[in-house]
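Visitor: Chain by chain, the residues:
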Amino acid sequence: MIETLKLPSLWQTIQHALGLDQTIFTAVQQAPEGLWLAGIIVCLAGLSEALGQSIVLLINRVRFKRFVLALMIATISHFVGYLLWTTTVWLVGGYLFERTQPWLAIASVVGLAYAPQLLAFFTLTPFIGNPFSILLSLWSLLAIVVALRAGLGLETWQAIVTSGLGWLLIQTWKRTVGRPVYALGRWLQRRAAGVPLEFTSHDVSRLRRRPYWLENLESWKSQRPLIDRHQLVARLSQSGLLLVEQILPETNRAPSQGSLEAHLPKRKP
Amino acid sequence: MADIFTFFSIVLGGLLVWAALSPFETLGWWAGWFGDQMYQDNLPSDGLVRAVRPNADRYILFLSGVGRVSGETFSRREQGFLQRLAQALPQAVIIDDIFPYSVNNLSLTGQPFFARLWRWALRCKLDGPALAGYLINVRNIWQVLVSVDRRYGPIYNQAMAEVLLHSLLRYHYDPASNAPVYLIGYSGAGQMAVGAVTYLREWIRGPIYVISLGGIFGSDPGVLAANRIYHLYGDRDKAHKLSAIAPGRWSIFPTSEWNRARRQGLIRFIKMGPMGHTGVGGYLDNKTQLPDGTIYLDKTVQVVADIVMQPMAVA
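So the protein sequences, as listed, match chains G and A.
Per my numbering, the very first residue in the first sequence carries number 1; after that it's consecutive.
Per my numbering, the very first residue in the second sequence carries number 270; after that it's consecutive.
Bound-form chain A, shown alone:
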């Protein structure tokens, strides 16, 4: 019994030390310890996603949930969603080769010291044991908390805005144009999307919209900087309710950014029916159907496409 207690104490202590060390990635980058390089995964286009389109008049940046290790998704559901979205939106450039949990888009598997550890964790995530794979999620959750924290958030979110600007320029976005940019933040990336808006706004002229797909985010200044935030949520999605741990999201703080944005009508809530957060029964499930027979994935693609296609009400 004592051994089990000691084991759990060590694990808990290790997690706490890891969490306390996590801001050094952001702060060290700011201090110039890791150089000024911006990384990219150089993923080829599949003809739909990551393709430059000549008549593109809107850009969509997809930021994935905390399970990722790089700009490349291994989730077939995510791939399917993005391809379907690209088919539904022929005028839009869809960019997904972004790793939103790194200040310079450096994938975990490309890190100089810990690449082997993350490759092992990725193998575990794909082939089991799944528990070891959750190391990736834990690491990325610490980065979400870094983005939420008022001490580190302004630095992390500035870095994320740079990553997003870099991605837009890679896909030939003209910052001087009025082409709108849509940031889809799935799960924990909701915070990364919202956090970056304040700073991305300083670089580009077009409007910026955030589409939070079951997104978890705090009361960040970005909620006021965005032209509009669309929060998509399902009845069975418990994860998106984690946003409530941020005090600024509580109604007892009426002057918080979140409550001010709500009063200004900048936040739209879109109910997605009985959808869950992820996996089977999640927003991107291509088998489960809504009571009216619509497949979950179809519904999600339709809702997102409708948001992207609607006239820009808020300039």
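Next comes chain G alone, as it looks inside the complex:
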């Protein structure tokens, strides 16, 4: 149990929030540093989520510096989303269930509910990342319900309705008056990436590349190192140091290379 008005360290607060401890959500509302702490958690969660979704940037071949910039933009965009989410919860809680909490108190509790998203980075983990992302979504959902129950003093069903309606409001806003804002966000993301973000993670199986060394096969061949005894002997014999026939066993003679480039098939699209 957490004493009200006194929050533990950031790490412990996160641990309690991940464990869906209701008292930490009450404490974060009342403690003076609660809002800051929630803000830090939202920013870190945003960065973690941006990293978790960074595969899209990479498959579109974004340069490293641009990649870092795009991550920062995504984190800021995440923070804006949090402000919006807080506002919708504040509106629904206030008008539907008559919970007249100050906006800042709601912001603290909603921010702390972002704690499970701190782990969004682990969705990158190969093989187990996808199932983990499903678990994380459920975890986040539970966290927001527990947070609203504690923060607004709601029943469980009321907390579910509040979060559901809040989500609905955001979707409506996105598709109506909020459209230009989202368009601006997408434009910023594209500008930051520096390349057109034309591929999504669903396109990954149809992506192909033709390697540089294969495009310049003749040059590659001329630089090809000595790979077997035959080549070594052949080169030495060219320089007059050795006679091939004296040294090279029949079984080690290299085959003709004449047709290699001519017959190299062009890659199927």
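Just so you know, these hints were derived from the structure itself, not from any lab.
Hints should not be assumed to be uniformly reliable.
What the hints assert, rightly or not - Which bits of chain A does chain G cover? Going by a derived footprint, with three or more residues having C-beta under 8 Å, they are:
id, stretch
1, 302-313
2, 379-392
3, 416-428
Just so you know, even glycine gets a beta-carbon here, dropped at the ideal spot from N, CA and C.
With chain G's structure known, arrange chain A on it following the hints.
Guide: Relative to the frame of chain G, chain A by itself:
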């Protein structure tokens, strides 16, 4: 007690962070962060393995298990196996200087930032303490999982196909010919072999066969792209059963690539008797004998040579 718990929590956390970071090697390569260079170890031929043969009409690419740090094997059993195979197959070119856990064949000991760490791990693997040496295995296992994952696999496997094509061209393979290519995937490299087939198929005209030597692999599209997959397994090999963690290998998903390939008869299972996965009693052991007196290594060489020499039933 609390200290031990904290220690294990830190180790576990470190492993999870390491695993989550592991796809960046593949994705960063795709994004061009690490250049477009293809690396090679330039190992000299021993006269049998890595030798260009004039009348070669088939090519064998050996992909080693997760214990490797580069294209060079330090395993005497592997060296012995490949030399014996080369003797049994005079028409085949056997290529083993491939590091299948890197997108551009760059050895761990040649990495720009972590080379010292991997050299230290390699020393530990060879001279002890063995536990530190297992860092290499863990790192390579993450790459196997990258290859299995549907988000990263198509990129990693494409890179692996490039590495294999590069190796074939280094040994004078003619992609326009119909010379068959055999990919031997030992242990975790089973996935690397199967994964690369889909993309290698787009580069070469000849048939591609996969010989899985106790191989661990998921239900990859490569199982349908290969002309045939031969899965060699011993009764005492528990590691090859790890393939079962991939949901596509379960019979409850009849439309998975694996189950479709099985129904199409593309997968042959070859029982190797009471052999284990590795080491003494493993597929490449040259001392332990089967009940009929055949040495394990002899049996494995014979089975692989028979596969390579049999007429191409599936074109």
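Visitor: If a hint holds in the structure, say so; if it doesn't, say that too.
Guide: Structure-based check of each hint:
1. 302-313: holds (count 7)
2. 379-392: Check failed, 0 qualifying residues.
3. 416-428: Coverage by chain G holds here, the residue count being 8 at a Cβ distance below 8 Å.
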